[in-house]
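A.B. asks: This note's numbering puts the sequence shown at residues 34 to 111.
In short, the hints are calculated from the structure, not lab data. Values in this document were obtained by computation on a predicted structure and should not be read as measured data.
What follows is a list of derived Cβ distance ranges for each label pair:
hint	residue 1	residue 2	range
1	58	86	18 to 26 Å
2	97	50	14 to 22 Å
3	46	66	17 to 25 Å
4	102	76	24 to 32 Å
5	103	78	34 to 42 Å
6	109	78	29 to 37 Å
7	102	51	14 to 22 Å
8	103	46	31 to 39 Å
9	83	43	14 to 22 Å
10	99	56	16 to 24 Å
11	90	58	15 to 23 Å
12	42	66	17 to 25 Å
Here are the simulated EDC-like pairs of lysine to aspartate or glutamate, each with C-alpha atoms no more than 20 Å apart in a straight line:
hint	residue 1	residue 2
13	51	66
14	51	87
15	98	44
Backbone N, C-alpha and C define an ideal beta-carbon position, used for all residues, glycine too.
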Amino acid sequence: MQNLLERITIDSEICHGKPSIRGLRYPVEMILELMSSGMTSEEILEDYEDLEKEDIMASFLYASKLTAVKSIYKLNVA
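Sequences and hints are given; from them, build the entire structure.
C.D. replies: Rendered as structure tokens:
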């Protein structure tokens, strides 16, 4: 699992410091939004040829680590 997390990079010069895939300009947030919109991993990989299956898996693992907190508060979504 640690190998997957190494695919997630944070660099203030790339995507304004948002967590992104392997130093590329693909924020983890974008991958998660594409998946939540209904795209499959295969469709994402077809549309973004420099991404790999492990990049998508790393995005999910990273998101799961972010939600592993002691307290959760309701978000007010507009």
